[in-house]
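S.K.: One letter stands for each residue in the lines below.
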Amino acid sequence: MNIEGYEFPDGLYYDKNHFWARVEGDLVVMGMNDYAQKMAGSIVYVGLPPEGKKLIQGKSFTKIESGKWLGKVFSVISGELVAVNEELEKRAKLINEDCYGKGWMFKIKPDNMNELKNLMTDPAVIQEWLKTEIAEHGEK
Amino acid sequence: MSSMQKLIEIVGEENFTDKIEELVPYSYDASMNVHRPDAAVWPDSTEQIAEIVKFASDHKIPVVPRGAGTSLSGGVIPIKGGIIIDLSRMNRILEMSIENRYARVQAGVVCDDLNRELAKRGFTFPPDPASSTVSTIGGNVATNAGGIKGAKYGTTRDYVLGLQVVLPTGEIMRTGSCTMKCVSGYDLTKLFVGAEGTLGVITEVTLKINPLPRHAMTAVATYARLEDAGKAIFQTMTSGVLPSVMEILDKVTLRSIKENTDIDLPDAEAMILAETDGYTWEEVEAQMEVVLGILKQNNPTEIKTAKDEKDRLNLWKARKSAYATLARASTSFVLDDVTVPISRIPELLVGIQEISKRYGIVVATFGHAGDGNLHPQILYDEYDREQTDRMEKVEEEIFRLAISLKGTLSGEHGIGLSKANYMTLEHDAVEMALMKQIKRTLDPNNIMNPGKRALD
Amino acid sequence: MATQLQLDEKRRKAITQCSRCGFCRAVCPIFDLTKRPITNARGKMILMKEVMEGKLPVTEGVAQALLRCTTCMNCTVNCPSGVDPQEIIKAARKDVVGLGYDNLFKKMGEVVEKYGNIYGEEERYDWGHKKGSAPYILFVGCVGTYREEESVEETIRLLDLLKIDFAMIDEVCCSGVMEDVGYKIKEELARHNVRELQKTSAKTLIATCPYCYRVFKEHPSYRNLGLEVKHITQFLKDLDFGVKTNKKVTYHDPCDLGRHSGIYDEPREIIRKIAPNFVEPKRTRENAMCCGSGGGLRGSFPEDSIEIARNRLGQIIEETRAEVLLTECPSCLHNFRNAKLRRQKIEIYNITEFIAKLLQDQGKKEAA
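Protein chains in written order, with the working numbering: chain G, 1 to 140; chain P, 141 to 596; chain C, 597 to 964.
FYI, nobody ran anything at the bench for these hints, they're computed from the structure.
Derived Cβ-Cβ restraints for the label pairs, each shown as a range:
(1) P:Leu-453 <-> G:Val-82: 50 to 58 Å
(2) C:Thr-655 <-> G:Lys-109: 48 to 56 Å
(3) C:Gly-858 <-> G:Lys-109: 49 to 57 Å
(4) P:Glu-149 <-> G:Thr-132: 40 to 48 Å
Keep in mind that this is a model prediction, so the values were computed, not measured. All C-beta atoms in this analysis are idealised placements derived from N, C-alpha and C, irrespective of residue type, glycine included.
With the sequences and hints as input, model every part of the structure.
M.R.: Shown next, in the form of structure tokens:
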């Protein structure tokens with residue numbers, strides 16, 4: 001679906017830190033949403049922590065950089081980091097090119113799938129939230 | 141489809157440009173010639189180059205193959221516009237076969253980079269032109285590059301066993317072999333060596349490699365008379381010993397290096413740098429004994445041997461940067477590479493000095509005297525029309541002098557644009573006609589680096 | 597709109613002095629990456645020669661081309677014809693801005709002025725260290741503060757462990773970097789720094805960032821500082837640290853510390869005390885290859901910048917097989933850390949950070 005001009009595909013969960021989550025078997029895949037990647041500009045670096053790292057929903061666990069901007073990456077769910085998108089190591093720009101597909105960032109084995117309830121799925125809710133984000137941070 | 145679209149289709153958008161600011165550097169080399177190309181591409185395979193050349197041939201668009209662009213004679217200037225094919229991305233060493241004594245490289249491999257890898261295995265590709273830190277093997281082959289080791293080890297031509305070339309039709313051809321000897325069919329390999337990119341684009345080169353000499357010793361001798369230095373040189377070359385290096389530097393050159401680097405060189409009319417090399421110290425020293433003996437008997441003002449390895453390398457660095465260091469002494473310069481039979485070196489040295497004096501134009505002379513090849517560097521100001529006229533006259537007289545001494549216009553830089561007007565001084569009508577015919581046969585549409593050497 | 601460069605006589609002469617020998621191709625980090633002549637010194641000298649001769653007008657393309665340089669000076673030290681291309685490029689950048697071709701650093705200048713740092717961060721981290729009077733002041737700069745905070749924390753901890761009596765000030769960006777990218781230092785910010793520093797009645801300013809060090813030492817806006825300016829390696833070189841490592845350690849010379857400031861020995865003296873197993877990369881000291889973050893390149897061409905760091909890191913690993921790479925520059929540190937691949941096991945630190953960690957490990961061992 002298209003919300004305020006930005007892509008927010010159906011079937012994904014969205015958090016308020018501008019990351020998305022998708023269920024893949026018993027894992028959760030996460031990445032950055034379309035608004036955030038556009039605002040960030042050309043992404044040049046994503047920190048890729050070692051597998052096994054313990055993550056907590058809503059807490060930052062690594063960094064992302066574009067040109068002069070540095071941002072934090074927040075986990076969409078609590079659990080264990082089991083995989084990173086190694087393509088991002090030499091081509092972090094994939095996040096700009098295809099943030100929901102080839103630009104996926106991390107795969108997590110969740111402690112509790114139910115935590116996904118804390119994320120947004122209703123387009124109306126997402127739209128309200130996105131509007132306030134745009135009002136506060138602007139658009140590119 | 142437009143040319144631009146076609147080229148982009150072949151090499152990709154990032155490897156094509158027609159932006160003016162990127163084309164400006166491609167309008168120049170290390171000579172005084174200038175002309176804009178229309179586009180430039182950075183292919184990374186022979187197949188891409190073949191497609192580009194086929195397209196260019198079909199549409200009669202000139203192409204100019206280019207390596208590092210350090211040509212001193214306008215060899216890579218796109219005088220008729222067209223497409224620059226920059227081979228710098230094709231810089232992989234494909235094979236180093238020590239047991240078969242050859243190395244096979246893509247044309248964009250930098251000369252020193254190859255030698256760095258070979259040295260790890262105790263081998264070397266001896267020709268080392270002054271530009272070896274940046275010049276590419278493809279460029280070295282296209283100009284039959286020489287270098288300071290020429291006195292003993294010859295030039296690039298002596299080491300090229302085989303090539304892969306893209307012909308002006310766009311066909312890919314292999315020549316030669318990877319064997320030490322081959323006399324099967326016409327020697328097409330040597331046709332392309334020294335052809336300055338006018339018969340095809342060299343994409344791969346198979347080179348013979350030598351064991352790296354284990355020891356070397358360098359001596360320095362200064363002279364109060366240019367003639368004495370010249371005599372010392374040709375006498376050494378006929379002494380029974382072949383020094384690995386036999387270089388001369390004149391007064392102007394010496395002063396420039398002394399003033400602009402931290403290398404302490406003496407004030408003298410001329411200085412000789414000589415080196416002997418070999419497998420054992422005894423051999424190296426014995427050869428140097430002979431060389432020193434001859435240097436001594438020609439009235440030197442001073443002789444000494446280099447203190448240590450660092451000292452030795454500094455001397456070679458100074459020699460290899462000589463022409464660029466001299467660039468500080470004037471706004472502009474033209475660097476030539478006239479070559480004569482070795483015994484005529486003293487006459488050439490004195491003759492150049494006389495021409496310089498007569499026209500009031502400074503000429504610094506240095507070079508590979510050991511193989512008869514001198515580099516007169518004519519210093520002038522390109523923005524001064526009158527000086528430029530005098531420079532051209534000086535250059536012409538130097539060429540005529542060299543020819544009169546049974547020499548040649550160019551020992552290693554090539555004819556390019558700079559010497560094209562003088563070709564008939566050296567080559568008679570029969571030779572010129574056959575060379576032109578060969579060019580026409582291989583390149584009927586005259587797209588391959590056209591306008592060079594007065595041969596198209 | 598005028599299209600002519602206003603470079604002075606000396607620089608114009610230097611541009612014609614370029615013999616176009618091309619030797620700079622062998623040492624230029626951007627050329628090494630792109631193989632495009634416009635990215636290296638010769639290409640730029642030729643470009644400027646044509647502009648000077650009126651053959652080419654200044655355009656947006658020309659302005660952009662001038663930004664593609666880290667000003668590392670490797671070309672300068674290797675140029676047989678005696679040209680200093682990076683100095684001319686910086687002057688040309690100013691010229692071109694003066695002709696109306698602003699670049700992305702104009703915005704950065706506004707951000708620096710408004711927020712006191714190059715990143716537009718609203719808060720400046722308070723290191724929790726004493727402010728006010730002390731014989732030494734530690735100045736850490738923007739890159740350390742906002743991109744490598746952990747390293748700065750370790751440096752502070754080291755100085756504390758060594759019982760150095762130092763204070764910190766409410767820093768704002770030294771803003772010298774504006775001069776390299778076509779603009780001018782922010783006088784207000786310089787004045788703020790000078791005021792704050794003079795208030796402390798300290799004798800010596802210790803800078804961790806080699807670029808801040810150069811600005812404080814050389815820029816006219818800091819002429820009246822009244823403090824001696826030292827880079828932290830100069831300050832620490834005579835001290836003993838009481839700790840060693842057996843790991844194989846190597847050192848990368850930051851361009852701003854090495855070629856630009858001539859500080860090569862001090863970092864090495866420190867390293868030799870703590871790491872007897874020290875090995876130099878082949879391309880080192882005056883010939884060290886740049887990490888890619890200087891001259892504004894990390895801002896103007898960040899992908900190139902990190903690629904260059906990746907190449908340099910690969911080179912260092914291949915040439916030394918070291919377990920630890922040390923440097924003492926927040927920008928080099930950041931670029932290397934961004935560039936390092938997961939499979940590369942080399943550890944990367946600033947020297948001061950590394951010593952602080954060694955002391956911490958030693959402390960743990962003794963406690964156990």
